[in-house]
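**Q** Protein sequence lines, in the order shown, are assigned to chains A and B.
Numbering follows our numbering, with no gaps: position 102 of the first sequence is 102.
Position in the second sequence counted from 1, then plus 1000, gives you our numbering.
Everything labelled a hint here was simulated from the structure, so no lab data went into it.
It is possible that some hints are incorrect.
What the hints assert, rightly or not - Some, not all, of what chain B presents toward chain A, calculated at C-beta under 8 Å:
no., residue
1, N1212
2, P1257
3, I1258
Stated by the list, open to error - As a list, the in silico PhoX-like pairs of lysine-lysine whose alpha-carbon atoms are at most 20 Å apart:
no., chain 1, residue 1, chain 2, residue 2
4, B, K1166, A, K3
5, A, K38, A, K54
6, B, K1040, B, K1104
7, B, K1132, A, K38
8, B, K1040, B, K1068
9, A, K140, A, K229
10, B, K1166, B, K1196
11, B, K1104, A, K3
12, A, K213, A, K229
For every residue, glycine included, the Cβ atom is placed at its ideal position computed from N, Cα and C.
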Amino acid sequence: MDKTLRRWAPLFVVPALICFIIAFLVPMIMGLVLSFFKFSTVTDGVFVGWSNYKRIFTDMDFISSLWMNVRFTIVTVFTINIFAFFLALLLTRGVKGTNVYRTIFFMPNLIGGIVLGWIWLLIINGILLPKGVTIISDPKYGFWGLVALANWQNIGYMMVIYIAGIQTINRDLIEAAQIDGANSWIRLKSVILPSVMPAITICTFLTLTSGFKIFDQNLALTAGNPARKTEMLALNIYNTFYTRTNFEGVGQAKAVLFTILVAVIALTQLAATRQKEVEA
Amino acid sequence: MSIRTRTNYLHIAISILLALLAILFVAPILIVFMNSFKSKLFISSEPFAFPTAETFTGYANYVEGAKKINFFKAFGYSLFITTFSVAAVVATTSMLAWYITRVKSLFTTFIYYLLVFSMIVPFQMVMFTMSKIANMLHLDNPVGVIVLYVGFGAGLGSFMFSGFIKTIPLSLEEAALIDGATPPQTFFQVVLPMLKPTAITIAILNAMWIWNDYLLPYLTIGTEYKTIPVAIQYLRGGYGAVDMGAMMAMLVLAMLPIIIFYLFTQRYIIEGVVAGAVKG
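Construct all of the structure, not just a fragment, from the sequences and the given hints.
**A** Written out as structure tokens, the structure is:
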């Protein structure tokens, strides 16, 4: 079979591979190389060694966007997962209308980041109206606005993963625990939580990476205002490329560091999942 | 109190809590909807008030907004790009995945890991070089963008198809080949029908991503062909002056098709998203 198939490689491999090379592979390699160059279009590069990377660490806006992003990600990973898990517990108790609620809670996840940003701009500014300020009056409003937005968008998504996890638990196990006199807290701690560990790993990873990769919502809700204080990494890199002149190399170097950060998180997750599978 | 009445009371309490949360979840969408019928002056001054005789403007915001950003054209571009990109991703990645799963060589193993790696890399890493290359290769039009989406969708698509193909017994394909079927016949008549559930999952995940995507179409075709997210962000204008009336109306028009589509297909969407998260 192997041999007959090999002759058909052009048909099966080429279409997807060509697109992959054009859209991803070549831009990726060029991007990596250009992070050591000074350039404004991709063909006029001058080699500058590590200089782009050195300039990143004197760029206070970048450091501040990294700090903002770390805080945002920590807060959203906790809030989204706790709310989502709580909702999943409520929706797996056989209450009437469970499907309708599941449909409603998941809905915001289908709305695109730009639209989400504008929806929450209206809401947050509405809430701040009695104080006579707007979302760009103070970075903390933008921060918590983005946290609220991310929660609204992702709670339903994580919830359906937790529901799937809880539903794999054998009902007999829960009933047996009940008969043995285990109260709801003990049932949660010793029956439900251990069984949904894989779901917790998946959701933690998803919220971690999406927390760092957030862009559209950031652009539409605050655009980094006031004074770039609510700018997160992806938006900072974008602004370095497209709103500052002669900073393309620095932007590309930042993008390389950003990629390493996201890759390290993903690989840690992969290692953690592998280890669990071995144990189980 | 017997266990049954206790369970009943608990169910009532949970139902009330869920109903309140459901209202909280739908509220942002309803508030936008309500404001889309108010004159723009009153949207920022009383965003949470129902339209009154004084503030109600009928569908004026819709007319104004649709004219300003050419909404129906944007809708057409979004629909065209999403439909054909999703079809192309499913077709090309299922073929690629079959080949790299069935033919074991250094080349296919290398391609597989490269595709998996591409799923981790954030868009900011390649956005600058990719958009320059797309420009040079004249891919900066709605048809060319499909090539880019196939390239970026190749990772997840091939990875998920490959995961499923590994579970299909080889004997079926070998029997078809021994009976004289060519590899393309074997693929389209024997393998592809079995891939249907995975194909639906991949189609859903890609449709959600491409329909809502902002940065890729903005950077490559944004000046000439505006998709819905690009058109909406364009309402912001140069100096932050936003016509909130037109904005509210356009947000409603942007969300409406997705929500209607979702209400009819929610079971598939939720199942697809869970499958994607667990396997991806």
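**Q** Hint compliance check: list the failing hint numbers for this structure, sorted ascending.
**A** 2, 6
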